[in-house]
Amino acid sequence: MGIPDIAVLVGSLTGLILLASPALARGLLWRATITPLASIIGSGFLIVGPILVSHFGKWAWLPMALLCLAGFAFGTVIRFNIAVLAEGGGQEGSFVYHVEKLSSWMLTLAYLVSVAYYLNLFGSFAARIVGSDTGLLARFLTTLAYGLILVVGFLRGFASLERMEQVAVSLKLAIIVGLLGGLVSFAAFRWQAGELVTNKVHWGFSDGYPLVFGLLVTVQGFETSRYLGDSYAPSIRIRSMLIAQLVASAIYMTYVIPLSASFASGGFALSETAIIDLMTRVSTLLAPMLILAALSSQFSAAVADTAGAGGLVEELTASKLRLDPRWGYVLVVFSGLVLTWIADIFSIISYASRAFALYYAIQSCLAAVRAWRLNDARKIFRTVCYAGLAILGLAIVVLGTPIDA
Numbered sequence: 439m440g441i442p443d444i445a446v447l448v449g450s451l452t453g454l455i456l457l458a459s460p461a462l463a464r465g466l467l468w469r470a471t472i473t474p475l476a477s478i479i480g481s482g483f484l485i486v487g488p489i490l491v492s493h494f495g496k497w498a499w500l501p502m503a504l505l506c507l508a509g510f511a512f513g514t515v516i517r518f519n520i521a522v523l524a525e526g527g528g529q530e531g532s533f534v535y536h537v538e539k540l541s542s543w544m545l546t547l548a549y550l551v552s553v554a555y556y557l558n559l560f561g562s563f564a565a566r567i568v569g570s571d572t573g574l575l576a577r578f579l580t581t582l583a584y585g586l587i588l589v590v591g592f593l594r595g596f597a598s599l600e601r602m603e604q605v606a607v608s609l610k611l612a613i614i615v616g617l618l619g620g621l622v623s624f625a626a627f628r629w630q631a632g633e634l635v636t637n638k639v640h641w642g643f644s645d646g647y648p649l650v651f652g653l654l655v656t657v658q659g660f661e662t663s664r665y666l667g668d669s670y671a672p673s674i675r676i677r678s679m680l681i682a683q684l685v686a687s688a689i690y691m692t693y694v695i696p697l698s699a700s701f702a703s704g705g706f707a708l709s710e711t712a713i714i715d716l717m718t719r720v721s722t723l724l725a726p727m728l729i730l731a732a733l734s735s736q737f738s739a740a741v742a743d744t745a746g747a748g749g750l751v752e753e754l755t756a757s758k759l760r761l762d763p764r765w766g767y768v769l770v771v772f773s774g775l776v777l778t779w780i781a782d783i784f785s786i787i788s789y790a791s792r793a794f795a796l797y798y799a800i801q802s803c804l805a806a807v808r809a810w811r812l813n814d815a816r817k818i819f820r821t822v823c824y825a826g827l828a829i830l831g832l833a834i835v836v837l838g839t840p841i842d843a
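In the working numbering, the protein residues as written are 439 to 843.
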């Protein structure tokens, strides 16, 4: 057993012990932080590293940093809106009310696509258990997962499945700690041996920025803090989102920097499960651990977003149709199956990125309007910044492109 193997074991066990700590579990701020943190990491950790290394070589850290920065900027929008609503935003007028409702519909659409992303990734990793061919088999397994979600959600609700979420989150984060430990030690050994790679950059700015726009979903998930409900005060939700984004950004950068220095950009086949092949070179322990983490975390994330979509459908139709959340689940499954069988995983990632970008753009418009109405010394600065972020969100919607593996 080599040093990277030991680092993986020590890191994973240490992470698991800390995450299972009763003191940590009882902490109100940590409980509020774990949901957005798990959502951000679950959205992109398994797939973003190989994509960036393959296309941007030694500069992979730069688009990763820009994605984290974009996520943080849109996070300031959501945090501002939480604060304004907490201070009595219920008297905002019909325009803001209707735009907020449009935003909720866009979030519902984004959930439909994100569930397809989660479950297609689930299917791809599940297919790796029996072989390397992840095409038709992965789609079939994804279809089975959709069927399970529909049956359970329609007949019994998700209470029984949601119990696995906390376990899945802790398991995934512990494995990520182990992966980071193994990857950093692996890169350190290559550095000592003078074997760090100098990856060439294959894409220029004009080719690269549409691809980066199409990866926004990999840093998405922080907005879940807004919808944690009355269990947490607005100040806790704001702080939890900020902490989750800072921790997730640190994890992403610690992941991508040694990855880009350890593996040649042309030295592996780019696929949705490429991380397994790369991490097997770091430690043989990581392949089964990553598959386990992927299956549990992607399925639990899909359940959470399906439940969220169902709840939004009920809320948005309350004044007229008042549809049962279960019909929201049917909508999620139907749209997801269509995407599964007509699009590949990289196209679905791009669709999800653009759907969330449109949601963030609408939220940014709302923030700009709210900032302009405030009697605040930073009124003009905030309004201009939020309007600029709305334009950025729309640019991502229009210009974001899928990865060509």
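It should be emphasised that the hints constitute simulated quantities derived from the structure, not laboratory data.
Note that the structure is a prediction, hence the values are computed from the model and not measured.
Hints are supplied without guarantee of correctness; some may be wrong.
So the derived label-pair ranges between C-beta atoms look like this [to be verified]:
| no. | residue 1 | residue 2 | range |
| --- | --- | --- | --- |
| 1 | 535 | 706 | 24 to 30 angstroms |
| 2 | 816 | 567 | 17 to 23 angstroms |
| 3 | 523 | 467 | 19 to 25 angstroms |
| 4 | 507 | 633 | 39 to 45 angstroms |
| 5 | 535 | 833 | 44 to 50 angstroms |
| 6 | 785 | 458 | 20 to 26 angstroms |
| 7 | 816 | 706 | 33 to 39 angstroms |
| 8 | 822 | 582 | 45 to 51 angstroms |
| 9 | 762 | 500 | 29 to 35 angstroms |
| 10 | 568 | 817 | 57 to 63 angstroms |
In silico SDA-like links for lysine to any residue, alpha-carbon gap of 20 angstroms or less [stated by the list, open to error]:
| no. | residue 1 | residue 2 |
| --- | --- | --- |
| 11 | 539 | 760 |
| 12 | 496 | 754 |
| 13 | 539 | 754 |
Glycine included, C-beta positions come from ideal geometry on N, C-alpha and C.
Hints and how they fare:
Remark: the range hint 24 to 30 angstroms for residue 535 to residue 706 is contradicted by a beta-carbon distance near 50 angstroms. Restraint check, residue 816 to residue 567: a C-beta distance of roughly 53 angstroms breaks the suggested window 17 to 23 angstroms. One distance hint, 19 to 25 angstroms for the beta-carbon pair residue 523 and residue 467, holds here, with the actual separation near 20 angstroms. Between residue 507 and residue 633 the beta carbon distance is about 31 angstroms. The supplied range of 39 to 45 angstroms is therefore violated.
At about 27 angstroms, the beta-carbon gap between residue 535 and residue 833 misses the expected band of 44 to 50 angstroms. One distance hint, 20 to 26 angstroms for the beta-carbon pair residue 785 and residue 458, is violated here, with the actual separation near 38 angstroms. The hinted range of 33 to 39 angstroms is not satisfied by residue 816 and residue 706, whose Cβ atoms lie roughly 47 angstroms apart. Look at residue 822 against residue 582: about 49 angstroms separates their beta carbons, and that is inside 45 to 51 angstroms.
Range check, residue 762 to residue 500: Cβ separation about 47 angstroms, and the 29 to 35 angstroms hint is violated. Separation of residue 568 from residue 817 is about 59 angstroms and conforms to the stated range, judged on CB atoms against 57 to 63 angstroms. Pair hint residue 539 plus residue 760 holds up; C-alpha atoms about 15 angstroms apart against a cutoff of 20 angstroms. Of the pairs offered as hints, the one joining residue 496 and residue 754 is violated, with about 46 angstroms between alpha carbons and a cut-off of 20 angstroms exceeded.
Note on residue 539 and residue 754: the hinted pairing holds, with a Cα-Cα distance of about 7 angstroms set against a maximum of 20 angstroms.
Checked against the numbered hints given earlier, the structure breaks hints 1, 2, 4, 5, 6, 7, 9 and 12 and satisfies all the rest.
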